[in-house]
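One letter stands for each residue in the lines below.
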Amino acid sequence: GAVVSQHPSRVICKSGTSVKIECRSLDFQATTMFWYRQFPKQSLMLMATSNEGSKATYEQGVEKDKFLINHASLTLSTLTVTSAHPEDSSFYICSASQGANTGELFFGEGSRLTVL
Amino acid sequence: AQKVTQAQTEISVVEKEDVTLDCVYETRDTTYYLFWYKQPPSGELVFLIRRNSFDEQNEISGRYSWNFQKSTSSFNFTITASQVVDSAVYFCALSEGTNQAGTALIFGKGTTLSVSS
Chain A
124 GAVVSQHPSR VICKSGTSVK IECRSLDFQA TTMFWYRQFP KQSLMLMATS NEGSKATYEQ
184 GVEKDKFLIN HASLTLSTLT VTSAHPEDSS FYICSASQGA NTGELFFGEG SRLTVL
Chain B
14 AQKVTQAQTE ISVVEKEDVT LDCVYETRDT TYYLFWYKQP PSGELVFLIR RNSFDEQNEI
74 SGRYSWNFQK STSSFNFTIT ASQVVDSAVY FCALSEGTNQ AGTALIFGKG TTLSVSS
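Going down the list, the protein sequences come from chains A and B.
124 is the number of the first residue of the first sequence in our numbering; add one for each residue after it.
14 is the number of the first residue of the second sequence in our numbering; add one for each residue after it.
Calculated from the structure, these hints are not laboratory results.
Owing to the predicted nature of the structure, the values given are computational and were not obtained by experimental measurement.
Don't take each hint at face value.
[Said to hold, decoys possible] Facing chain A, from chain B, some residues (calculated, C-beta under 7 Å):
#: 1; residue: Glu39
#: 2; residue: Pro53
#: 3; residue: Gly56
#: 4; residue: Leu58
#: 5; residue: Ala117
#: 6; residue: Phe120
#: 7; residue: Lys122
Here a beta-carbon is modelled for each residue, glycine too, at the ideal position from N, C-alpha and C.
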């Protein structure tokens, strides 16, 4: 199957700094990418949908100025957590769609963010 | 609105027991997809199965089997002869398949399966 890679897999940062997480589709063009957040022992919650070349669509309750999403190419989407605080510590997972309306999504390995 | 319910929060079994994880979904679409994922402690989601709404055939893959019942909006997952390596969190998910650009998955809350030796 198709491969989606996330980087970094783990990041620890100080409160107030910004952190960028990359999501790459390695062997296909991803017209749409999705970003999820997972708190410990909880489910994956959709944060936003990004389409290449356009602004991301954020789910209700997700601060777009806090979580900046850029989908500049068909193989790369980035999530930047700005001015991170301890409550932003979480597991962030991206997924990518080829847009073939097959319901098929490919997930990255996830990125664990710890804000001190 | 779409919704996925996994009523079982945690299940504990002893090795070699069979275990069924329940999943009930809600959607207004006639075209949709159902998924099961396994999430081991490492966090990575492991894809197990995808089923579209027009295919109600049950599926078996080794020790895994899935029972899709549209009449009860359920997509249950059974592990036969469970093993310690099956210990993980299992998520059932749903996507509505009408968006050409791809549709996000909506996940259930997950069921934590613990298999002891």
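Cross-check of the supplied hints:
This hint is violated: glutamate 39/B has a C-beta 16 Å from the nearest C-beta of chain A, more than the 7 Å allowed. Given the 7 Å rule on beta carbons, the hint for proline 53/B is violated: about 11 Å separates it from the nearest Cβ of chain A. The closest approach between the C-beta of glycine 56/B and any C-beta of chain A is roughly 5 Å, which is under the 7 Å cut-off, so the hint is satisfied. This hint holds: leucine 58/B has a C-beta 5 Å from the nearest C-beta of chain A, less than the 7 Å allowed.
At a threshold of 7 Å, the smallest CB-CB gap from alanine 117/B to chain A is about 5 Å, leaving the interface hint in force. At a threshold of 7 Å, the smallest CB-CB gap from phenylalanine 120/B to chain A is about 5 Å, leaving the interface hint in force. The interface hint given for lysine 122/B is met, as the beta carbon of that residue sits about 5 Å from the closest beta carbon of chain A, less than 7 Å.
In summary, the structure is inconsistent with hints 1 and 2 from the numbered list given earlier, while agreeing with the others.
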